[in-house]
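Enquirer: So the chains spell out like this:
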Amino acid sequence: MSDYTVIGKRTAMVDGPGKVTGLGKYTDDLVLPGMLVGKILRSPHPHARILRIETEQARAVPGVKAVLTGQDVSTQYGILPVGRDETVLAVGRVRYVGEGVAAVAATSEKAAFEALQRIQVYYEPLPAFFDARASMQSQDLLIQEDCPRNVKKEYHHHFGNVDEGFARAHVIRQEHFYCAQVTHAAMEPHSTLAKFEDGRLTVWSSTQTPHYLHRTLSSVLKLPMSQIRVIKPLVGGAFGGKDEPLPPEIIAAGLALHAGQPVKITCSREEVFYLHRGRPATHIDMKIGVTQDGKITAVEQTAIQDGGAFCSYGVVTILYSGALLAALYDIENIKYDVYRVLTNKPPSGAMRGHGTVNTRYAFETVLEMLAEEIGMDPAEMRLRNTLRPNTRTVNDLRVTSYGFPECIRKVVEASGWKGKWGKLPRGRGIGIGASHYVSGAGNSIIRADLPHSTVILKVDMDGGVTIFSGTSEIGQGSDTMLVQIVAETLGLPIEKIRIVSADSDLTPVDLGSYSSRVTFMAGNAALRAAQEVKAQLLKAAANELKAQPDQLELKDEAIFVKDDPSRNISYQGAVPLALALSGGTLIGKGSYAPPPEARGGKFKGAGVGPSPAYSYSAQVAEVSVDMETGQVKVEDIWVAHDCGRALNPLTVEGQIEGSVSMGLGQVLQEETLLKNGLVMNPGLLEYKTPGSLDSPRIHSFIVESVDPEGPFGAKECGEGSLGAVIPAVTNAIHDATGAWIRELPVTPEKILKALAEKEGRRWPR
Amino acid sequence: MMAPFEYHRPRHLEDALQILARNGRQIKILAGGTDLVISMKQGLFEPEVVLDVKGLRDLAFIRYQPGAGLSIGALATITQVATSDVLIRHFPVLAQAAATVSGPNLRNMGTVGGNLCLDTRCYWYNQSYSWRVSCGFCLKKDGTVCHVAPGGKLCWAVYSGDLAPALMTLRAELKIAGPRGERRVLIESFYVNEGRAKFDLRPDEILTEVFVPPASADCFGSYQKFRIRGSVDYPLAGVAVVAKKGPDGRIHDVRAALTAVNPAPQLVPGVNSVFGQQGAHADLMEEVVRLALRSARPLKTSASTMEYRRHMLAVMLRRALSALLGG
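Each protein sequence line maps, in turn, to chains A and B. Once you know that position 196 of the first sequence is 196 in this note's numbering, the rest is easy, because the numbers rise by one and skip nothing. For this note's numbering, count along the second sequence from 1 and bump the result up by 1000.
For the record, the hints were derived by calculation from the structure and aren't laboratory data. Don't take each hint at face value.
[As the list claims (entries may be wrong)] Covered stretches of chain A (chain B as the covering partner; in silico rule of three or more C-beta atoms under 8 angstroms from a C-beta of chain B): (1) 18 to 27; (2) 56 to 65; (3) 444 to 450; (4) 744 to 755.
[What the hints assert, rightly or not] Estimated spans, in silico, between C-beta atoms of each pair: (5) Arg1297(B) / Phe603(A): 57 to 67 angstroms; (6) Glu635(A) / Phe1137(B): 22 to 32 angstroms; (7) Lys1300(B) / Glu635(A): 30 to 40 angstroms; (8) Gly1270(B) / Arg133(A): 23 to 33 angstroms; (9) Arg1297(B) / Lys25(A): 35 to 45 angstroms; (10) His1281(B) / Pro764(A): 20 to 30 angstroms; (11) Gly1055(B) / Gln117(A): 52 to 62 angstroms; (12) Glu1307(B) / Pro127(A): 43 to 53 angstroms; (13) Met369(A) / Glu1307(B): 41 to 51 angstroms; (14) Phe1137(B) / Asp163(A): 28 to 38 angstroms; (15) Asp29(A) / Pro1150(B): 37 to 47 angstroms.
Just so you know, even glycine gets a beta-carbon here, dropped at the ideal spot from N, CA and C.
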């Protein structure tokens, strides 16, 4: 065990008290004098030309201070440089039900609603596409003019030689899977407050990516970045739903500019479903070959993702679905054809486990089928296909620390797998699944050759330390993580550390909370900043103690000579000396950029998939299936997650449990239902996220592979455990019933149908 | 966004009735608010006057006397019903049904009267104004067509309360106060099997009390509810069954009622006479299932499919009956 004093200790979140007492401020809690209510008029059509918009009557409503249409803010933007295909309000054409068409700011909600109803929009409806495969067949009717066959982007990658690989296989299995569209369902709906005062725009917003929002506000509203300040208040969950600049954020700012008064837009839950950016409905054809002794020889995947009307993160989503096939198991021959297809639906985007989750379900299911076919224990089969630490995969991903085998062994042992698999009575079953994820993307979205994270520390006269970081605390614990790293490095209790995060006027640039990058990247930046401060403290103490800095140790608020601890000075005593030595301010800065080896190969599309480190997860689920009703009860889930090192085991376990809950939702019951492009269940009553009563017993195990480059050896823990939940449960359902389910969510009715099919019956009779 | 309204919170029933009488159809009664407030935000109701009856504290009681029967005030909360020792002991089917209503906080807010007078529900109806503009209005609100059964003139929005079927099996009567005094109706004749008509309650009347006759006490009872989550969800199908057991072990006075499969909760007709016949229990049970399925017409008004909801109805009925026969 380590001899750390803060790292590895169960540490309560530093922003917890405000959340518990209610004193903490989320964006919608903020109120400014003269603040207006912003509301958005949304398209009732899935696809239509906008012939004319008349806003005169709306402007005449008493209390209305500003009205915007697409013409007023027509600059195209998008999170990806290759996907700048959105405008904040529709220009010329609407492409999904719920797309913004006009916006108003008014002194009351009532006036704003009345104004919306008085905006006259004349539409000419167009034929629409609601299914990705049908959309791809279209010759002449295009959702975006420059996207033939309505394909936004496609990649066809081939590494090794799959033909040779399949030729070597003893058994090959190819299956088709369908995964329904699901959404993040964060507790806090999106909210933005903007004010324009003295020529400067200030925006408070519920965002994972304040820096990208900052850039986008600048480019769409034509203001220099130096005239814009972006602040992220407390955020009530995000899961990818707030990790790109979204229309209401820019509209609120645009309305504030026009009205000359602060404007707040808080989305209704229904509007959150129109913003979407969740996991796309996906068709997957998965083909895997294995030898008689269970070694995977080749994998071939075709994935068609229903991207909705705009690109969003789509290019990344399809690439992750392919590239990361290589980073979990040792596979020499990999081919994937992946398509991001436009449809007339709200845009899909990034969601926890981005791009990997549906692919993992398909892959782990086919693997299970193959294990059954060759008569091998599926846990054993997975162990036979592990990578080795410090390898380069066939598609040029660098894998360093690799605790996956230990993850498998842990859950196999803890669950009593060997006594249960294939041996439980009918209706009871056990299944295994595995997944992984990046600890941040090796390449930044903005393609700038700059650090991905920078942290500044300032030490006060009394020895208190303030961290300035652009990271976005969204409930995952990033503020606490940074405080822990600085406290550990400077030998201080966490009470002495304060953090100011995500305020562009005060904090250095950080790319944001997405792709599980913050612990690895901002954590390393904080570590380096703290080391810089420590060096200055040691230098000052060395003068005082008549020693060399490298002879000194800083621990428990004291600096002492390692060989003779009686020669010491308190931390408190060293601070003024260091302040004097450094010219009155004791500051440190640190930054992080992924090393060149962790930035991928040279081929087109190689930029997505590389990461400085990968997390790993293995899971076993035990389920009961009511054979008469098809209802599934997940009894227990054993999860082992390799997070490198658990800086804060409390939050690591929280992330594991959250991943399990989210995965259970997707596998058993969640689905955004659309009829003719209209979301049928745009609320949390009819969109079925699981509740506490639906939770199984979750047994979490932390595997610490101690990554050579992670801060104190840490890697990601927020996303890697989601993907394994789904196949662990579906494989357990198979063990319980003998039925294979190739479609998510696995509703009881689908199980009854599959059972009936297997037994040559019809369901319903 | 809610349209503005005039708000009244009287302390006496007579005052409440006067306010109702003065305001005709432009008034809505608010009790726990767990159904009405959401619907008002969605623009389904835009009453000029809201009559908050939570001030009528006298109506929040549960009283039971063996031989005299059970009385429950319309403002008793669902939590009161679910946790009452008397109900758990003497009217288990009702306590069970109450315990399945939504989640704990909504059971604390929701009332017996509100649950019995729950608006009928449908995917195409319980949506925001702008959603309904996109879809096209339906005949339950502002429109002329039914999106569930196009071409039909009836509304199929489904009744989704849990208490009503339990009370039906207990032969409950409802007390309704109005300008012409109090009237009592059998609960099964209170409901109207059409999504808009819903129940027999005039705009100037208030449901004040539920009465269960003494003969219904101490029945074996079971309430089974199909829903997707363990909490919060409305039923997608629900079955209440009660029976009495004679000293000879034979069961009699069997009654079964269904919810969430029709615009109204309904007693399954003829159940008791089935159990009056000779025959193996399994066969009699199948006959009851057949009768129940004949009266259940779930359409595509909510999650899950019609076929599966009918399937679950049958399974739940079998399970409830088996539990009674075995118990």
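Enquirer: That 52 to 62 angstroms hint for Gly1055(B) and Gln117(A) (C-beta), does it hold up?
Expert: Between Gly1055(B) and Gln117(A), where Cβ atoms are some 35 angstroms apart, the hint is violated.
Enquirer: Falls inside 41 to 51 angstroms, the C-beta gap from Met369(A) to Glu1307(B)?
Expert: violated, 28 angstroms
Enquirer: Are there three or more residues in the segment 56 to 65 of chain A whose C-beta lies closer than 8 angstroms to some C-beta of chain B?
Expert: violated (count 0)
Enquirer: Regarding Arg1297(B) and Lys25(A), is the given constraint of 35 to 45 angstroms on their beta-carbon distance met?
Expert: Hint violated: Cβ distance 51 angstroms, outside 35 to 45 angstroms.
Enquirer: Count residues of the segment 18 to 27 of chain A with a Cβ under 8 angstroms from any Cβ of chain B, then say if the count reaches three.
Expert: Coverage by chain B is violated here, the residue count being 0 at a Cβ distance below 8 angstroms.
Enquirer: Falls inside 23 to 33 angstroms, the C-beta gap from Gly1270(B) to Arg133(A)?
Expert: Given range 23 to 33 angstroms: violated, Cβ gap about 50 angstroms.
Enquirer: State, for the Cβ atoms of Asp29(A) and Pro1150(B), whether the hinted interval 37 to 47 angstroms holds or is violated.
Expert: holds, 45 angstroms
Enquirer: How does the Cβ-Cβ distance of Phe1137(B) and Asp163(A) compare with 28 to 38 angstroms: does it lie in that range?
Expert: violated, 58 angstroms
Enquirer: With respect to the beta-carbon atoms only, verify the hint that Lys1300(B) and Glu635(A) lie 30 to 40 angstroms apart.
Expert: Taking Cβ atoms as reference, Lys1300(B) and Glu635(A) lie about 32 angstroms apart, which means the hint holds.
Enquirer: Regarding Glu635(A) and Phe1137(B), is the given constraint of 22 to 32 angstroms on their beta-carbon distance met?
Expert: violated, 46 angstroms
Enquirer: Taking the CB of Glu1307(B) and the CB of Pro127(A), does the distance hold inside 43 to 53 angstroms?
Expert: Once the Cβ atoms are compared, 31 angstroms apart, the range 43 to 53 angstroms for Pro127(A) and Glu1307(B) is violated.
Enquirer: Apply the coverage criterion to the segment 744 to 755 of chain A and chain B: a residue qualifies when its Cβ sits closer than 8 angstroms to a Cβ of the chain, and three qualifying residues are needed.
Expert: Result for this restraint: holds, n = 4.
The structure shown violates the earlier hints numbered 1, 2, 3, 6, 8, 9, 11, 12, 13, 14.
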